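So the protein sequences, as listed, match chains A and B. For the first sequence, our numbering begins at 177 and goes up steadily by one. For the second sequence, our numbering begins at 177 and goes up steadily by one.
Note that these hints are calculated values from the structure, not bench results. Predicted model only: the values in this text are computed from it and were never measured. Check each hint, because a few of them may be wrong.
Intra- or inter-copy, both count: the list cannot distinguish identical chains.
Derived lysine-lysine pairs resembling BS3-like cross-links, with alpha carbons at most 30 Å apart [said to hold, decoys possible]: (1) K227 - K324; (2) K392 - K228; (3) K182 - K227; (4) K280 - K392; (5) K179 - K227; (6) K324 - K228; (7) K228 - K182.
Number of protein chains: 2
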Amino acid sequence: MKKNVKAEIISIGTELLRGEITDTNAVYIASQLPLIGIELQRITTSGDDIKKLAQIIRQSLSRSSVIITTGGLGPTQDDLTREAIALVLEEELFTDTDLVKELKAQFIRMGREMPPSNLQQAMRIPSAASLPNPRGTAPGWWVETNGKVIAVMPGPPREMLPMWQNEVLPRLKTRFPVDVIQARTIKTFSMQEARVGELVQPYFEAANPTLGIYAKPDGIQVRLIAKGSDAAHLLDITEKGIKEKLAPYVWGTDNDTLEGVVGQALSHRGLTLATMEQFTGGLLGHIISNSTLSLRFYRGGVIVNSDLADTGLGFPVTDGVTGAVAEAMAQSIKDRFSTDIGLSITGVDCQRVASNQSDVVYIGVADALGTKSWTQQFMINRSDSVERAAVSALFRLRERLIENKQMDYVK
Amino acid sequence: MKKNVKAEIISIGTELLRGEITDTNAVYIASQLPLIGIELQRITTSGDDIKKLAQIIRQSLSRSSVIITTGGLGPTQDDLTREAIALVLEEELFTDTDLVKELKAQFIRMGREMPPSNLQQAMRIPSAASLPNPRGTAPGWWVETNGKVIAVMPGPPREMLPMWQNEVLPRLKTRFPVDVIQARTIKTFSMQEARVGELVQPYFEAANPTLGIYAKPDGIQVRLIAKGSDAAHLLDITEKGIKEKLAPYVWGTDNDTLEGVVGQALSHRGLTLATMEQFTGGLLGHIISNSTLSLRFYRGGVIVNSDLADTGLGFPVTDGVTGAVAEAMAQSIKDRFSTDIGLSITGVDCQRVASNQSDVVYIGVADALGTKSWTQQFMINRSDSVERAAVSALFRLRERLIENKQMDYVK
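Could you put the whole structure together from the sequences, leaning on the hints where they help?
Following this line, the structure appears as structure tokens:
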């Protein structure tokens with residue numbers, strides 16, 4: 177196996193050093209590099225200071241073959257990434273007339289006149305090829321110099337992300353071809369990270385595939401990365417072994433979402449869903465409706481933020497938060513929205529009742545076979561509890577569908 | 177005014193370079209340093225590699241007076257922060273018998289025996305004072321060397337945070353005393369970042385207070401940081417001037433949230449609110465219900481994810497998405513939930529209708545004085561559109577309350 181290509185990320189922006197924004201670009205790019213066999217060895221965050229920036233770029237070039245920068249490509253005097261690279265490579269910046277035309281056309285499409293300050297975004301150095309930015313006015317750069325590469329992208333994630341996917345990633349793959357690399361992610365819910373780690377421990381000892389464990393809002397994920405011509409086969413074997421260890425907590429792989437896998441099962445069978453939420457205040461509906469598929473099965477729902485009797489919708493009067501209440505809510509919303517399934521969440525927020533206990537949440541499902549409820553406790557802060565409760569409701573709905581033979585376990 | 181003390185953060189852990197976890201420690205510490213007059217000039221993220229780590233620490237010490245490290249203090253062979261610092265300072269690590277006793281006592285409290293590997297967490301160098309870690313087994317270090325400081329903290333945020341607040345921050349304040357520093361944030365919505373920048377431009381020229389402009393999901397923010405004995409006065413004057421420039425887009429300051437300021441006005445007047453959302457799928461209700469105050473004014477709402485006629489709730493049949501529909505929805509939910517105000521969102525999702533246009537959203541309000549609607553277009557990705565639409569609805573509700581003299585402009 178070939179030696180890994182070494183890379184560094186440079187995140188640029190004084191706002192990063194003031195802690196005003198979280199650098200989500202670096203963590204995203206860092207997660208992508210192993211998939212193309214490139215080894216990230218350092219991330220440096222710098223302010224918009226041309227001397228410091230030039231020094232950082234110079235040192236990175238002395239250590240690594242690939243330098244990836246984000247930020248500092250705006251139209252203001254503070255945006256100095258272009259100048260810093262020109263300084264390090266001892267090249268002159270010039271105005272690219274084609275880029276000026278493109279920028280002006282972009283402003284015309286936005287119905288605005290281009291301010292003169294945006295002209296600096298059309299500047300480049302001779303060794304830089306321009307990378308299109310469909311979502312902003314800052315083109316990126318792809319610089320080849322002395323056998324090394326500098327990929328220069330804008331800071332806003334919504335501009336960086338498509339430029340990474342459409343421009344930088346394909347060029348890196350071509351420029352630094354590697355043995356076949358394949359990745360697979362196994363997604364679980366309702367299991368502690370430490371427990372997942374224990375169960376998959378034997379697989380950590382293998383050099384190929386390598387394992388990573390990630391804690392995400394929708395559960396613990398295990399990522400496998402395999403190299404070499406038998407990568408696919410290695411992944412299949414390892415995935416099978418890990419799924420056996422972690423079943424029945426595994427709900428999906430790779431780009432699956434919990435709302436997606438549940439939605440697929442529902443729409444496949446022509447089943448419809450409605451929700452009634454107290455405690456999560458609309459988050460469950462929001463998560464479900466975030467996918468286009470939801471138009472085929474999710475009819476909508478009711479958010480309750482006070483005594484159920486007060487909604488004016490004729491929902492049952494209750495005197496507490498229990499599993500029976502969750503089931504009544506699920507049944508009620510199923511009837512009201514004339515759906516096949518009703519899904520409900522009700523909970524006691526320990527911060528709101530000013531006690532020191534954990535949040536207690538009940539999840540209810542009503543379907544053709546009756547009703548069922550589950551309870552869960554969360555010893556975490558409120559916003560995490562709310563998110564976990566909404567994800568939990570989807571996980572429980574999945575369990576119910578499996579129990580009803582309307583959905584299969586992940587094989 | 178004294179010159180700022182310069183600092184660097186070093187975030188340590190191979191998992192950071194693999195993109196497995198987001199470095200929330202660095203952004204938190206970065207946001208804290210300006211408040212004690214310390215200027216962060218670089219953040220470096222490194223893997224658990226003793227040579228690279230030692231090189232980074234050595235270079236940081238050559239540039240900055242304060243080095244803050246997080247991570248690499250665990251009990252495994254991969255945890256090399258202690259060793260790297262010892263190497264750079266040319267000091268010998270020794271086992272601190274007091275720390276061993278404390279660690280053993282901690283394990284007894286947890287009902288476990290201490291594994292031998294944890295002994296390395298009781299090691300320190302002569303120039304390091306130990307910092308207690310009530311939430312973990314890794315004590316921190318406070319190192320004073322050649323007039324410089326190295327503050328060494330564990331990586332898990334729940335261990336780092338109390339150590340920062342209780343140990344490192346107080347020591348930094350004592351070690352590098354500064355003039356009074358005060359900060360203030362002015363929050364706006366419905367204004368482009370560039371426009372805010374233009375309007376506050378004159379204030380950027382002042383050395384005190386300094387300004388920063390930040391784009392957040394709930395709008396553009398201007399943060400002022402003032403130093404010296406008349407900091408409070410300087411802030412007041414600048415805040416007043418900026419608010420005059422940016423009114424009526426200013427909706428709050430410092431820790432205000434849009435749902436909070438609207439909620440305060442509603443609950444102060446005993447007014448109640450219900451929502452009806454299509455397009456945002458529950459996010460509006462979720463944002464409103466996230467504050468404890470919401471129990472006093474927010475009764476709940478309805479999420480619609482398909483044709484309005486299909487909800488079984490008797491809401492108006494519609495044949496399109498218009499301002500009139502938004503107003504009818506707001507009136508309908510106001511009546512159904514028997515509230516003083518109904519707030520609605522309806523929209524056309526350009527991705528769902530597979531056209532290439534922008535998302536068009538209508539926001540409706542119904543109250544004692546009638547109904548009103550607004551329209552907005554978003555040329556951004558769906559999840560951003562949804563978030564902006566929900567925040568927009570709260571901003572429009574605020575405008576309506578001001579128009580009705582039920583709320584005041586921010587003074």
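Hints versus structure:
1. K227 - K324: both (21 Å within a copy, 23 Å between copies)
2. K392 - K228: between (35 Å within a copy, 27 Å between copies)
3. K182 - K227: both (24 Å within a copy, 16 Å between copies)
4. K280 - K392: between (42 Å within a copy, 28 Å between copies)
5. K179 - K227: between (33 Å within a copy, 19 Å between copies)
6. K324 - K228: both (21 Å within a copy, 21 Å between copies)
7. K228 - K182: both (22 Å within a copy, 13 Å between copies)
Hint violations for this structure: none, all hints satisfied.
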